[in-house]
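Undergrad: Sequence:
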Amino acid sequence: REWRPNRLRLCHVVRVLPVMLHKILLTGAAFVVSVAMRRTVPVSAPDISEQQKDVVVVKIGGAALTVKDRFEEVDSKSMESAVAMLKHNWNRGIKMAVIHGAGSFGHFQAKKYSLRRGLGEHPEALLGAALCRSSVRALSQEFVSRLTLAGIPAVAVSPFPQTLTCDGKIIQDGPLGLIRDVIESGCLPVIHGDIITDIGSKGISILSGDTIVEELCKHLKPSRAVFITDVPGIFDRPPSEPSARLLRRIDIDPRTGCLHFPELEGFELRTETAAHDVTGGIAGKIDSARRVVRNHGATVFIGRVGSEAASRAVAGESAGDTEYYEGTWLKKKI
26 REWRPNRLRL CHVVRVLPVM LHKILLTGAA FVVSVAMRRT VPVSAPDISE
76 QQKDVVVVKI GGAALTVKDR FEEVDSKSME SAVAMLKHNW NRGIKMAVIH
126 GAGSFGHFQA KKYSLRRGLG EHPEALLGAA LCRSSVRALS QEFVSRLTLA
176 GIPAVAVSPF PQTLTCDGKI IQDGPLGLIR DVIESGCLPV IHGDIITDIG
226 SKGISILSGD TIVEELCKHL KPSRAVFITD VPGIFDRPPS EPSARLLRRI
276 DIDPRTGCLH FPELEGFELR TETAAHDVTG GIAGKIDSAR RVVRNHGATV
326 FIGRVGSEAA SRAVAGESAG DTEYYEGTWL KKKI
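Numbers in the working numbering are just positions in the sequence shown, counted from 1, shifted up by 25.
In short, the hints are calculated from the structure, not lab data. Warning: the hint list may mix true and false statements.
Computed cross-link-like contacts, DSSO-like style, restricted to lysine-lysine with a CA-CA straight-line distance of at most 27 angstroms [unchecked claim]:
hint : residue 1 : residue 2
1    : K357      : K243
2    : K358      : K246
3    : K120      : K246
4    : K357      : K120
5    : K357      : K194
6    : K356      : K120
7    : K243      : K358
8    : K112      : K102
9    : K120      : K102
10   : K136      : K194
11   : K120      : K243
12   : K243      : K356
13   : K112      : K246
14   : K194      : K243
15   : K356      : K246
16   : K246      : K194
17   : K112      : K243
18   : K357      : K246
19   : K137      : K194
20   : K194      : K356
Using C-beta positions, here's what the derived DEER-type ranges look like [claimed, not checked]:
hint : residue 1 : residue 2 : range
21   : S101      : P178      : 15 to 25 angstroms
22   : E149      : R95       : 22 to 32 angstroms
23   : E149      : D94       : 20 to 30 angstroms
24   : G282      : P148      : 38 to 48 angstroms
25   : R142      : A109      : 37 to 47 angstroms
Glycine included, C-beta positions come from ideal geometry on N, C-alpha and C.
Starting from the given sequences, assemble the full structure and let the hints guide the process.
TA: Written out as structure tokens, the structure is:
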């Protein structure tokens with residue numbers, strides 16, 4: 026009987042084999058780095074006490090690193106503030122996993138080529154996906170370069186090509202599942218939002234930084250996650266409006282996921298999103314933070330880049346002191 030290959034099985038092997046090889050190589054690389062750092066004196070990574078072994082997930086929004094309404098322009102002052110905050114906490118022995126948004130890098134290309142709808146909407150969507158990735162990687166390289174110049178052994182981590190989705194849902198986490206290995210090797214992982222392969226109907230999918238935060242919280246089980254933005258926190262309406270009021274605390278109902286506002290009663294939260302933002306803007310961040318609190322048990326802080334409040338939140342200091350903090354805390358409702 027003539028043997029004929031099973032096409033479905035072959036397709037599965039072709040898709041899964043690169044992922045398996047990448048995990049093996051990344052695990053080996055983490056081991057090599059770990060051994061090398063043990064043999065090198067002095068060690069770049071600070072000593073970490075038992076109380077500081079918890080990992081904090083830090084998401085730095087694109088608006089905190091770039092000028093969002095200007096094509097591919099870095100906000101150098103804000104980026105340096107972010108670097109200074111991370112260096113301060115790194116030197117104190119705080120273990121971190123850092124994710125950054127794209128801002129004016131990537132979002133313009135994603136909107137121009139309708140990448141949120143996959144490959145079927147725009148005739149040059151595949152080219153647009155390549156241009157979008159190139160733009161985001163340029164921002165990541167700039168950010169990581171500044172971190173290393175500041176003395177932090179930061180390493181860039183790209184979700185593509187090993188992270189896969191099916192109709193927008195992550196089915197293969199790729200390098201995101203190995204971030205703890207990178208942290209334990211003594212390095213600071215810096216992950217960026219990305220365009221990844223979708224094996225469902227879309228062909229490609231936009232993996233936002235906020236979604237990466239959720240995925241890392243699932244793997245790392247942090248006690249807190251910190252969202253760094255260009256505003257002091259969450260307001261009851263767009264902060265550009267004169268009557269906007271900062272909300273210092275938002276409670277999350279663990280059963281329903283509904284938002285409760287201890288400071289205000291009976292109002293509807295209103296937000297705004299930049300025209301080129303394809304990842305949901307502040308509304309998307311609130312929804313992501315809500316799921317982190319409800320599904321993964323972490324406390325979430327949202328605050329402004331360069332603020333002492335944000336730096337202290339990363340360190341886990343005075344988490345309940347709402348009188349001191351400028352930003353917004355999201356916690357499970359008791």
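Undergrad: Just pull the numbers of the violated hints for me, sorted ascending.
TA: none
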